[in-house]
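Peer 1: Chains as they are written, first to last, in the numbering used here: chain X, 1 to 63; chain U, 64 to 207.
These are computed hints drawn from the structure, not numbers from a lab. Cβ atoms here follow ideal geometry from the backbone N, Cα and C, with glycine treated the same way. Be aware that a few hints might be false.
Some but not every residue of chain X turned toward chain U, in silico, with C-beta under 8 Å [unchecked claim]:
hint: 1; residue: A6
hint: 2; residue: V38
hint: 3; residue: I40
hint: 4; residue: H41
hint: 5; residue: V45
hint: 6; residue: V46
hint: 7; residue: L56
hint: 8; residue: Y63
With the C-beta cut set under 8 Å, the calculated list includes, among others, these residues of chain X facing chain U [what the hints assert, rightly or not]:
hint: 9; residue: I25
hint: 10; residue: V44
hint: 11; residue: D61
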Amino acid sequence: MRPHLAMLTGLAAVAATSACIPVQIQAPDKPIEINLNVTIHQEVVVRLEQDAQQFLQQHQDLY
Amino acid sequence: MKRAHAKTEAMNLAPIALFAALMIAATLLIIAPAHAQSSDPVIAQARAAGQIGEQTDGYVGVVAGQSVSAEVRAHVDQLNIRRRAAYTSAAAEHNVSVSDFAAAVACQSFERIAVGERYRTEAGQWLQRTTSAPVQMPSFCGNH
């Protein structure tokens, strides 16, 4: 009974350790490709006018 | 007794809150751009020189036929990556597609194109803004 329990504890420890390996996220180093052949929905764009204006004011450094 | 203790705690927190507020205000002052133009001089210069320009998709592009330095190209790529990230979060916030939000912003940025700057029409043609002709707006912008 005892070794069985020890084995289970060992397994649990291994599982816990493997779950703790940090996942590394890397920023993309390649330039993004921009596809010009996308369908733009005019009614959505028109509805977003105010939001787009606000966006531009908040992100002036990008324009 | 309990009340007095709570009061002391609040008084201890007050300077910290004040300090935090001051720090935030200072950060905002530093971040806030002085001018409604790109804060990147490489971009600003290439734009003024007509080497790069706004596109109807909400991104910046290198004007066809222009030979630009690797540095300018890298700055354009970086700028577009940052724009893409900003569009993506804004689009999610408004429950629209990234391309639709980007297009809506393009409608606004096209209004700001200065004389001498180049821009890419919906048909993919690069034009230069002149004093005589208005900017050819994308068809999806709606009229105002």
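Peer 1: So, for every hint listed, does it hold in this structure?
Peer 2: Comparing the hints with the structure gives:
{"no.": "1", "hint": "A6", "result": "violated, 48 Å"}
{"no.": "2", "hint": "V38", "result": "holds, 4 Å"}
{"no.": "3", "hint": "I40", "result": "holds, 4 Å"}
{"no.": "4", "hint": "H41", "result": "holds, 5 Å"}
{"no.": "5", "hint": "V45", "result": "holds, 5 Å"}
{"no.": "6", "hint": "V46", "result": "holds, 4 Å"}
{"no.": "7", "hint": "L56", "result": "holds, 5 Å"}
{"no.": "8", "hint": "Y63", "result": "holds, 5 Å"}
{"no.": "9", "hint": "I25", "result": "violated, 14 Å"}
{"no.": "10", "hint": "V44", "result": "holds, 4 Å"}
{"no.": "11", "hint": "D61", "result": "holds, 4 Å"}
Consistency note: the structure conflicts with the earlier hints numbered 1, 9.
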